[in-house]
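2 protein chains.
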Amino acid sequence: MEPFSTPFFEDNFRQYIEKNRDVFSKLEAMNSYYRSVVSSMIYDNLNKNSEIVRRIRNLDSAYKTIKQEKTDA
Amino acid sequence: MEPFSTPFFEDNFRQYIEKNRDVFSKLEAMNSYYRSVVSSMIYDNLNKNSEIVRRIRNLDSAYKTIKQEKTDA
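For the protein sequence lines, the chains are A and B, in the order given.
Under the working numbering, think of the first position of the first sequence as 221, with each following residue one higher.
Under the working numbering, think of the first position of the second sequence as 221, with each following residue one higher.
This is chain A alone, in the form it adopts within the complex (with noise of 0.2 Å):
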């Protein structure tokens, strides 16, 4: 899977929803773990901002998907 990519971060957010399930609720942990993501990739100078900001993107549209979807949590 594309790191960075839609999917991927997709993935990510139910990993950390499951593995924070005890301590957060669902939205919770999404807020939480967008927060982090941006926060590491805002900083990495590495990249060109047109990548960070592509980036964002594809974690605010994986944010939007899994908040919507019917979870077990």
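Please keep in mind that the hints were generated in silico from the structure rather than gathered at the bench.
Intra- or inter-copy, both count: the list cannot distinguish identical chains.
Straight-line Cα separation of at most 27 Å, DSSO-like style, residue types lysine-lysine; simulated pairs: (1) K290 x K239; (2) K268 x K284; (3) K246 x K284.
Keeping the supplied structure of chain A fixed, place chain B upon it in accordance with the hints.
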């Protein structure tokens, strides 16, 4: 206060935390606000990618400050 500056976002974080203190813990409010601001900024086609990244860095910097701030919340 300059829009999208770090102090601007610090103020907004404080207001958002205060406004939602009945429903969200401080950290929940912060992560929720962070996600909604990033999400709106990345689809703003009026701005260059460099400006979008600059604004997100200001937001992230404000996040770190407010997270450590003692509040009565």
